[in-house]
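Peer 1: Assemble the complex: chain A is given as a structure, and chain B must be docked to it using the hints.
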Amino acid sequence: MNAQPVQVVRGWEWARPERPARREVVAAVPELDQAKPPLLFVPGFGHGAWAFAEHWLGHAAGRGFPAYALSLRGHGDSEPAPGATLRSYTHDVVQVAASLPRQAVLVGHGAGARVVAHALARYPARAAVLVAPVLGGWGILGTALRRNPVGTVPAVFGAGLRLNRRQLFSRELPDAEARRHVARLGRASRRAQWQLLTGRQPEPAVGRPPVLVLGSPDDRVVPPGALTRAARRYASAPLLFPGMGHDLMLDARWREPVDAILDWLEKDPAPAAG
Amino acid sequence: MSSSTDLGRPDPDPAVAPTTDGRPVSDRGDTVCVIGAGASGLTAVKNLREAGFGVDCYERETGVGGAWNWRHDRSPVYASTHLISSRPFTQFPDFPMPDDWPDYPHHAQLLSYFERYADHFDLRQHVWFGTEVVRVEPVEGDRWDVTTRSTGGYGPERTSRYAAVVLANGHNWSPKLPRYEGLEQFRGEVMHASSYKDPAQLRGKRVLVVGAGNTGCDIAVEAAQQASRCWHSTRRGYWYAPKYVFGRPADQVNDTMLALRVPLRVRQWLYHWTLRLTVGDLTRFGLPRPDHRVYETHPIANSQLVYYVGHGEVTPVPDVARFGDRTVELTDGREIDPDLVVFATGYLPRFEFLEGRVLGDADGSGRPRLWLNAFAAGHPTLAVVGLVQPDSGIFPISHWQSVLFARLLTLRTTRPDRAAAFGRRVAAGLGERYSGKVKDSTRHWFEVGHADYLRALQRALHDLEGK
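Residue numbers (the UniProt record's numbering), protein chains in the order written: chain A, 1 to 274; chain B, 1 to 467.
Isolated chain A, as found in the complex (with noise of 0.2 Å):
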């Protein structure tokens, strides 16, 4: 990861700043402040900011953590982007996370956690958290093509990835909850859902964020291998919440895996070396 040299000269990005487009930011603040960092929701490709405001908002908010969380163009309520590029999705959350009263923890899910590491190269996190990351690559489409074929064959030629709800939860979410869930889904644009597989690897992180991954090791959209791997880019090892779906943040114990979050942050984890 920190092999990569730093990028001082950026001429496109100068040249061609993002377009800028209407997001939704959802928000849930304690009512006092406990001089905690805020924490950046980013979800993954699909979902949208919903999915975070069903439980973890409230409950961040409730252990005294200021909680936001966003929809990424083109996702929930914000505006529709349907020639977004991963860069577009990463402006959206440096924007974000620079608007935010204090340096932020980024939390990123699924593709949402790749989004996460290109903006920890825009953007100085006080930390970060990659939960279920679906970092890229194309062992992804292996797995994805293997576990749910008709959702993911369509994508491969350009329509929206489908995910089902088999993958995204366990069994212990009830069915009726879990269809809910499945048909507010919506879909990322074609170009980043190839950049995911095509796209340039992030660029090292800025300003040292100590960096958790977690997932569940029966997760049918990230193999336990992926999340390892992903651990030990950021020299860790993964926490691993078996049992669960991809959807983290939605499933039946959605608890446990904040609540986790929630602690490391509390002990205040140290600056990443480098």
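Source of the hints: derived by calculation from the structure; they are not laboratory data.
Watch out, some of these pointers could steer you wrong.
20 Å max Cα-Cα, derived SDA-like pairs, lysine to any residue [what the hints assert, rightly or not]:
1) K467(B) to E203(A)
2) K467(B) to A121(A)
3) K467(B) to V6(A)
4) K467(B) to R455(B)
Peer 2: What follows is chain B alone, placed relative to chain A:
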């Protein structure tokens, strides 16, 4: 989350040798001293903190923002000041301005941006407001004695010893006033652009604006709107670039060409050709023909000046020859009778608290000899941040200068060999330039091309990290 516990300076430490004049010194250990809490100072504090250093920042005013805080008595901004370069290369690379701001934000937005930057990264706790630096002296072991007192000169002086010093005191506060024959006997009002704040100062007057920098052009435009008469005196012809070309901010079009690695000659040709098509032949308006190619002087971005010249509201005139009792004689022999003269003749960098030789300027010419406009030979723990006159925004440059310096200070303990190699590089590269050929003047000696400069800085950073 961690709040710094190194607040509050300890009492003078008797173990430390007193200053040369016998006063006690308090030793601040590995803490770094940053002078100034403007844009460059703030980014230095943030980046040094991020690298794990304790920081004491001294600010003579009571707020952050330096030059961009119009309440500060050294602030050069006037009511209508807007950015000259557009947002993408003017924001800090790791803290973007809101994307719903205009391409060229107003100075009040800039100030709110710096205040938010200070709050976001919790920087104010490291800043000693209302404290000015009187003296900075190198002592043995590459350390520094910094003497401070309350702004205004009252109160006792106190001296603290630091591991390193960052000079970020700005270069747009000490007005440069040219000498003219007879200026003392001129009965009209004379002011420097630094005391120009509001167009009401021009209303109904006959105004002569001297100088064709971005400030001079802005004031000439405001005089065209407010004054009863406006003359604009320039030493030479300039290229007045519009702020927008091809429907995009002009500097972004320039950055597109830089990203495509278009050679300077071709860029100059394209630029001249674009100006000919859009702005037209300037000599037809009575403006002198530029005696240089574009990019050879600091760029002037002003879409309105030529517009008002074309409406007869601004009369372009040559340089001033001498002042009379009520009149001003120009170099072409003409006489004009302004009742207000505004000198928009720029500023000079000043480091009044530091001996000139520390920055390689032993003869007091006011032009330090540095490498990367930031590092002085023989002083590995000293950096000047923001002493550049870029052809675009300055804040990203200050950011990367302070990142490089923080990196250097870290490596002084972890990899002394690399820090020493950096020191040799500094000594070898003093006075290096980072732009094409430019006219020689007090403002152009530190003119840099932003892409050339940052490429050189990126190389220095990679060499330092052994990549």
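Peer 1: Which numbered hints are broken by the structure, listed smallest first?
Peer 2: none
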